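In terms of our numbering, the sequence shown is residues 70 to 203.
Think of the hints as simulated: they come from the structure by calculation, not from any bench.
Zero decoy hints are in this set.
In the BS3-like style, the derived pairs of lysine-lysine whose C-alpha atoms are separated by at most 25 Å in a straight line are:
| hint | residue 1 | residue 2 |
| --- | --- | --- |
| 1 | 193 | 150 |
| 2 | 150 | 94 |
| 3 | 176 | 193 |
Keep in mind that this is a model prediction, so the values were computed, not measured.
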Amino acid sequence: MNLQVGVKALIENSQNNYLFLHRSKVIDGHETSIWDIPGGRIEPEEDLMSALTREILEETGIVLTAAPTLIAAQDIFAGTKLHVVRLTYLVDGDGEAILSDEHTDAKWLSLEDAMQLNLDPYIKELIENKITPA
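Input sequences plus hints: build the corresponding full structure.
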């Protein structure tokens with residue numbers, strides 16, 4: 070089994086809203102429309118904070134300026150071949166997201182409003198079980 074580590078950023082702005090990104094991709098010939106938060110896999114010899122900073126910048130154009138807080142660790146299994154350990158951090162950030170090619174839209178939303186979106190199941194689980202609004 071291949072083990073990988075990923076990092077995610079739940080970015081909170083000064084209005085206590087969180088940044089959600091819309092990703093659209095084709096899986097098995099069907100278009101899937103999912104809302105997610107910034108993040109990705111760490112690269113070889115890259116430390117966690119460097120990976121988190123890189124992913125936030127690549128996907129949103131937002132620069133990490135304060136120390137993030139680890140809020141969750143999740144195991145994600147893709148069949149019997151892949152195990153991803155996903156570490157999610159709460160990050161302070163403001164501004165308009167500059168989207169990468171991976172995403173088609175961005176919204177700053179309350180956690181309650183975000184639950185109305187078609188969220189990545191692991192993000193939905195995170196909000197339901199780990200996060201409470203300030």
